[in-house]
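Q: Each chain is listed here by its residues.
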Amino acid sequence: QKEVEQNSGPLSVPEGAIASLNCTYSDRGSQSFFWYRQYSGKSPELIMFIYSNGDKEDGRFTAQLNKASQYVSLLIRDSQPSDSATYLCAVMRGSARQLTFGSGTQLTVLP
Amino acid sequence: SQTIHQWPATLVQPVGSPLSLECTVEGTSNPNLYWYRQAAGRGLQLLFYSVGIGQISSEVPQNLSASRPQDRQFILSSKKLLLSDSGFYLCAWSVTSLSYEQYFGPGTRLTVT
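Protein chains in written order, with my numbering: chain A, 527 to 637; chain B, 0 to 112.
One or more of the hints may lead you astray.
Claimed, not checked - Computed from the model, here is a short list of chain B residues facing chain A with C-beta under 10 Å:
hint, residue
1, 37
2, 41
3, 43
4, 48
5, 95
6, 98
7, 108
Note that these hints are calculated values from the structure, not bench results.
On a predicted model such as this, the values are computed, not experimentally measured, just so you know.
Ideal Cβ positions, reconstructed from N, Cα and C, are used throughout, including at glycine.
Can you build the whole structure from these sequences, using the hints too?
A: Below you can see the structure in the form of structure tokens.
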């Protein structure tokens, strides 16, 4: 079992819809979770982080964490074509706060 | 505000040649620093991390090495490149706060021919 798993996609949603991206992790002791967005050919950009069970909202983005189910998700409301990118889930571990990344989910928002 | 620089942006090197990639961070002190590699169509793999000057930890065995000669400088090196070293090399730094979120530099795209 991979440490961090994401559906590779591609995931397509129409403009204005809600995009739902999912991630599961294997280490039950993991505490902090991150979502990055990566446009083709560019470096990852931090969107949100979450470390408490429940929802965390920032503009059109909502991160959801369920530690009992070892599940973290990212919802994008009112999706825009500019949201088309690969979304990376990352889990923090270790004394140096290293990140383990999932393989990413490719999202396409159709105009 | 904090800024992270990487250079060069792109690099084409023959097999067996040496490599030196540099990363510098501005606007923060004593950051944790990280080197990642992203091979074509694959996820991010952590290569090295450093919690202070001269302190380097390796995540995977390979022909690469890293050094941190100054607080905000992180260098990735190789004596002899392999074809499998091709990829997108990313440097990141993390805030030393409760969340320790990491921020990435613009990256170096390396092609070994």
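Q: Compare the structure with the hints numbered earlier in the document and write down the numbers of the violated ones, lowest to highest.
A: Nothing - there is no hint that the structure violates, so all of them hold.
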